[in-house]
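Chemist: The residues making up each chain are set out below.
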Amino acid sequence: MKSGGSLSIWFFTGVCLGVNGLLIFATGIYETIHPPANKVVLYNLHANIWWGAVLLVLGLFFSLRFSPARERARMSSNT
Amino acid sequence: MNPALLLFFSASTLVHLSPVDLVIIIFYFALVLAIGLHLKGQANTGEDFFMAGREMTAWVAGLAFLSANLGSLELMGWAGNSYKYGILAAHWYWIGAIPSMLFLALIMMPFYYVSKTHSVPGYLKLRFGPGSQAISSISFAFMTVLMSGINMYAMAVVMRVVLGWDLNFSILISSLTVAAYVALGGLRSAIFNEVLQFFLIWAGALLIPILGLIEAGGWDGMKAKILQNLTEQHAANPGAYTHLWSTLGNFSDNPMGINWVGIVFGLGAVIAMGYWTTDFLVVQRVLAAKDLRSAELAPIIGAAFKMCVPFIVILPGLLGLALLRDPSGHLLHLVPADVAWSPAGQAQGLHGYDEVLPLMLARYCGPGLLGLGITALIAGFMSGMAGNVSAFTTVWTYDIYATFIKKDASDEAKVRMGRWVTVIGVIISIGTAYLVMQAQSIMDYVQALFSFFIAPLFGTVILGMLWKRATPAGGWTGLLAGTLSSVGMYAWVKIDPGAVRYVALSAQAQDQAQNMFRALWCWLICVIVTVVVSYMTKPKPDSELKNVVYGLTPIPRTEHVSWFHSPLFWGAVVAVIFVILQIIFW
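Sequence lines, in order, name chains A and B.
Here the first sequence is numbered in our numbering, starting from 1 and rising by one per residue.
Here the second sequence is numbered in our numbering, starting from 1 and rising by one per residue.
Just so you know, not all the hints are guaranteed correct.
The calculated lysine-lysine pairs, modelled on DSSO-like cross-linking and capped at a C-alpha distance of 30 Å, are [unchecked claim]:
1. B:K538 / B:K407
2. B:K223 / A:K39
3. B:K116 / B:K40
4. B:K40 / B:K407
5. B:K225 / A:K39
6. B:K116 / B:K290
The hints are simulated quantities; they were obtained by calculation from the structure and are not laboratory data.
Just chain A, same shape as in the assembly (with noise of 0.2 Å):
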């Protein structure tokens, strides 16, 4: 769905399960290489790492795919 302007819903979420994600993900590996002192339960699976990971790729996906640029050409091959 459209705004009416040029952004998609998708856009905004692909953006923001993106940065989330790669920021998750930063945390993750900067944990790896500096363990807490005070480490949560299952620290040991390093969940921060694969779901930043998981998040990254679905915001890039969202964001790449409705991007404005892209969803621009549509509309415009649509009329």
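Once you have looked at the hints, place chain B on chain A.
Modeler: The following block gives chain B in isolation, referenced to the frame of chain A:
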């Protein structure tokens, strides 16, 4: 972030936020406001501001339909209820949602579409006249600002429990943000943010059940641990916490003190039908769909995801029952909120039922993930509050202001009124948030409200739609009688707790069971009074009922589509999965 400020925010808390957590939270607030600003120019007419231009796709309308209901209240309240009542709480997601969502999609949606109403009270005006509209719109407006206040309270609790933030600070920041983005972009802005919040909620909450099941040793391991823990605590019926239906034969066999009649008829047939088909908060999202097929598919998409929500809400509550321990390694025993919040409870470090989800979040989520989890809870709060505020704004503007106060209000005046009422609604909600703090459990309180207003409203709407003999006087008196009888039964039990054996058929009935039976009785009273009064009064001629009553209304069918794109096909798929889930967790 200034370290002194960080320390202020993080003093005496369940967890300590790292800078990356704060960045994630601040980024979310910035994005939400950016969306509101981006959409400001798209909300200049009444149709744009209140109905989002009626141009939503099925997916957007469906996710917003679900997300408007997926507030903090849902996340925390039902996680707390699953800790308190066991898997019985899942009934509120399955039989208490799926059949009624499918009913809305396949039976009622075409009908709402024909009437082209802006709201459910607006439909009552067309069918029964301004009297029923007035009762419905005023009670709805009252309920939405209360619900909005409850969401604020839930949000403040999260911030207090997890971060140690001051309640007033949390309420102020979050309410200002919601007021800003809804006032700027209207329903379109609310829907955009609801879709965004849907993804955030799943991204932030899904890790808890995954990691919890790993720690507990899978579903069987979790069940064994729950049984062991509850047996140690000498709980009645410890085995009943993991069975959905098999303990509902008798009131005394399950922790909720309810039987299958209350669940099937009170919850499934009355409360759920009332909520999902006549509560304008959720119906408004579907009315914003771009065409009839999208409007039919939207609740089905919502139902498909609704079936999955217990995974991120009910399961964490059960996992809390199995795994949570205090720092000394003893089993953690959560208590009612009023006990946890009392000075003695605070001194002992007690936690309320509704805190189980934040406790589980703190258990598994380190820096980054914790920020995302907190953001998910904030997002849940935002969607719940924005949904209530946008629905309140529409009902106030169309069904109260433009109907009773200024009948010749221009479209421009309605939009202006909508923006102001958004801000005023938020201010009233702030006041109600403080009232809610006196309630024992968040969701028990909400269910009481539903049974006051929603159950009788469903009786009036369904009779109005399906029975052309129902008269304006019948509809009005039935709705009033149903609402007053519900409030009366609630007051009766409050004054004389022994009355619960009459209202809920069992002296052992807990709050949720009482709500179910009270809803059932007040719905029956509404229907009986409507029928009796209708037979005593003169019906409207058929010519005045065209487009508002089945049988006198040509229902538009969706354009010819393949079976794969048919709402009926996907409705059947959801129904089959629903039945399978009941059998698996029987």
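Chemist: Now, for every hint given, state plainly whether the structure supports it.
Modeler: Tested hints:
Of the supplied pair hints, the one linking B:K538 and B:K407 holds, its CA atoms being roughly 27 Å apart against a limit of 30 Å. At most 30 Å may separate the alpha-carbon atoms for a hinted pair to count; B:K223 and A:K39 meet this at roughly 26 Å. A distance of roughly 25 Å separates the Cα atoms of B:K116 and B:K40; the hinted pair therefore holds under the 30 Å criterion. As the CA atoms of B:K40 and B:K407 are separated by approximately 27 Å, the hinted pair is consistent with the 30 Å bound.
As the CA atoms of B:K225 and A:K39 are separated by approximately 24 Å, the hinted pair is consistent with the 30 Å bound. About 12 Å separates the Cα atoms of B:K116 and B:K290, which keeps this hinted pair within 30 Å; it holds.
When held up to the earlier numbered hints, the structure conflicts with none and fits them all.
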